[in-house]
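Novice: Spelled out, the chains give:
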Amino acid sequence: MFKHARSLLMGLTAAAALSFSPLAAQAFPDKPIQYIIPFGPGGESDIAARFQEPLFRKLTGQDLVIQYRPGAGGATAWSQLNSMPADGHTIVGSNFPHIFIQPMEKDVGYKTEDVDNVYIFHYTPDALIVPADSPYQTLQDLIDAAKERPGALTFSGSGTYSANHIAAIKFDQLAGIKTTYVPFGGTGPSNSALLGKQVTGSWGYTTVAGQLGDQVRMLAVATDERHPQFPDVPTFKELGFDMVGGAYRGIAVPKSTPVEIKRQLSDLIGQINKDPEMVQKMVEGGFVMVDIGLDEMPEFMAQKAAEYTAIATEMGIVKQ
Amino acid sequence: MEIFSYLLAALHPWHLGLALAGTTAGVVIGALPGLSATMAVAILVPFTFAMDPAAGLIALGAIYTGAIYGGAYSAILLNTPGTPSAIATTFDGYPMAKRGDGNLAVSLATLASVTGGVIGALFLLTLAPPLASFALVFGPVEYFWLAMFGLTLISALAEKNLLKCLIGACLGLLLSMVGSAVVGGDIRFTFNTQTLLGGIDIVAALIGIYCIPVLIELVAKAGGHLKVTTESTGYRLREAWGQFNRSRINLLRSSTIGTIVGMLPGAGGSIASLVAYSEARRTAAQPEDFGKGEPNGILATESANNATVGGGFIPTLVLGIPGTPPDAVILGALMVQGVRTGPTLFTDQAPIVYTFIFGLLIASILMLPIGLIMGRYAYRAIIRLPKEMLAPGIALLTVTGSFAIHNNLHDVQVMLGLGVMSWLLNRYGFSPSPIVLGLILGQIAEQGFVQAWLIGSATSNLWGMYFGRPLSLVIVGLAILSLFYPLLMAKLRSRRKRRLTHA
Amino acid sequence: MPDMPIQTRQRDWGAIVVTLCLMAVAGWALWEAQRMSELGKLFPITFGGLMLTLCSILLVKQLLGRSTPRLELEGSMPRRALLVVVMIAWIALLPVLGFVVAGLLGFFAIMAIAGHDGWPLPRLLRFVAIGIAVVALIAWIFQHLLHVPLPAGRVFF
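Protein chains in written order, with the working numbering: chain A, -9 to 310; chain B, 3 to 505; chain C, 367 to 523.
Derived by calculation from the structure, the hints in this document are not laboratory data. Just so we're clear, the structure is a prediction, and the values are computed from it rather than from any experiment. Be careful, since some hints might not be right.
What the hints assert, rightly or not - Using C-beta positions, here's what the derived DEER-type ranges look like: (1) C:Q509 / B:A224: 33 to 39 Å; (2) C:L439 / B:K499: 33 to 39 Å; (3) A:V280 / C:Q509: 31 to 37 Å.
Stated by the list, open to error - Calculated lysine-lysine pairs in the DSSO-like style (CA-CA distance at most 27 Å, straight line): (4) B:K493 / C:K407; (5) A:K294 / A:K101; (6) A:K294 / A:K245; (7) C:K427 / A:K168; (8) A:K264 / A:K294.
As the list claims (entries may be wrong) - If you want the footprint, here are the derived chain C segments under chain B, 3+ residues with CB under 8 Å: (9) 386 to 393; (10) 410 to 419; (11) 453 to 463; (12) 477 to 484; (13) 496 to 505; (14) 509 to 518.
Glycine residues also receive a C-beta, built at the ideal position from the N, C-alpha and C atoms.
When you get a sec, could you build the whole thing from the sequences and use the hints?
Specialist: Now the structure itself:
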């Protein structure tokens, strides 16, 4: 009720302001935008949306109405994406590697090509994390131990065939070691297994270290350059392992959305993604901002498709 | 004393007003089946961005506490747990309401919830850091045994029909495996459709299994939904208070159980209240009264589930690991506000944290007047509404509520399917609760077991994994005790009786 | 449902059919489990097997006429059946007619099924008015306060 009175007021003032600006000619968005998160509340996708919401309103005068449609690791929402209204007023959160791995693994009701991404705004880099009092000080310590006792080191992570699982397998390959990946029902249970030393370490993201602070130590992170929030933690690259990536997040629209609308959405999100205050808060939390707009998307998708297909084939999960 | 300045800050009229509004809204949302505490918190989050962090946290904590409590209303009056935490409240709450003691049951639930909420918050205030390290001792095996402990409750619920109860539990366990498995990623029992990939939602199942049979029986017969006696008016607070005083140990034990289970990420309020119920029954003088409208059953479950609120915040605030799903939403909201979460929160942001804990305490206490008044209206509405309004109203709520869980029609279909199945099975002696227990505990048991298996074989210590950990053995011991205690007591009693007749 | 069971020593064929159905579910679970990975089939096999065994014991007891009898139900069976039919139709029509229209139809249908006292005109009018208000209120609360995107329907909202 409140929200409506407020948004009406804001809409009016914004409309008045905008009528003199070049944006007004485009008349998009002309009503609240439904932002569908394919997961439940409280996750990284939700947090990102919460950051974007006020900025979106400030920029367009329209509300960004966040809705949750969780189910089957996001597949429920993505399989419904193309039957949603294609006027740009319905957008859906998009997550890598989910949208690549899920359709490879089983019939989930959509194909990777069905998810039409218009912007990718950040990623949470993979990180190898151990408890603060773990005997393993460096990545090399851990690799040596794994070589000594193949399979005996255990790593918690969230879910099977997830970003964490993929990171674990990829690293095992690159380092030529064998470890045991133990999937948990979410980041929370995975982290508590880590802190409780039920496992040797954990495959998580830099955001985990952001949340758990000095109770844990990251041995390496999968970024190009060191993360500004964790300047003492080496990258896998520096240590000689070609591992850059993690879980990417962005937004997608139904395929039949007009190109002009896609472009406007892409530019809008791009603008939001450069808000200095938001960027600072997100980087402090362990996120890495990226800006992949409509133009860069085909190339980026192709690159990731090749990467994930290779890994999925290696994992033996590609459905025949 | 610094701590008193935080208490004063929490008592600021603005904060008090927020706690009052939050609790009230939470009670309403929690009472509606399908709307969970997580949803209540998520809806409120955008509004808190306009507030300072402490005020925002108080509002969020209040709505969360209220929602957990509100679940008791529909559990008692409609036999439908408004939230999963209130499942065990149906066991004794609904029988009480049926015999005309619904108002007494609501008053008892209110007193118990306030007690649980206050004890949980006090644990959070005083013992958070040591309790958080204790929570970490629980590994996958302990989760597995805890779920097994919950399943032993079946033997208590069974009475004569143990065989049918066990079959029901197996059915529930199989239902819990539908969808893609967390460990191993297998796609199981989905009939190759995408709709079942996400598994059977527990809340949809609860609404169906408990509420649809009530609805079916409601339209079949003329008379009222609940029996109305001369005592069916008023709060019956004096009576409730007397019972409350006699059950102080039960309340204390249940609240402690609630706090501890609430600290375990992924366990949650449903297990907390089941374990508390099981323990209350085991230690009761007349365990056979449980399930037939025993006030101590309601006191145990409602104090335990409200204690999980305070308990869940312990790992959230001390470790940065959300104890329950609503805690995860609150952690996210804090991050958007620029409050650095995690272990430093307790030390660096002491004013925010302590103001919040006091706010939670105040919200719990405010639940007493709010709960009594709203409970009275809810009860009156249910006994006074003619069937021609009550039945379609409940039907509308089951459809809307199960849709709102994931904004998906598929959950509504699952709800109705399981509901009709539950009615049919109940007719042939398979009561619904073992099925629900299997469904809820199945995932936790399976994940814990398989994770322990993976870790145990990696470290080549499989036996030690399952049977060599002290905490595991304690839980196993308790499980065995609660499994055989009823039998043992019955044996002892009959022997004593025989001796008496011989003498 | 709390009706007292009546003791009989006869074979209850309805109960036997239910048991057979449960056995079929357990058997199907075991069959499906063959295609699962080592870790994934552990629980399905354990509990599917347990369920099949327990059901067999129950079946033997039932064939011997020694099982607890089913609940004898009071009240109208046609009303029960109608309720289930209305609920099924309601849910099936939700995506076609939209939340409000399907909700109103479902609401009134169940109101009629639940009515044991007859419908004098003033009472009918009053109840219909209340019904419309309730459905509209619930739709508004969920759609606008709780941000639940209720099914819009292809024909009406």
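Novice: Honestly, which of those hints from before does the structure not fit?
Specialist: Hints 4 and 7 are the ones this structure does not satisfy, whereas the remaining hints hold.
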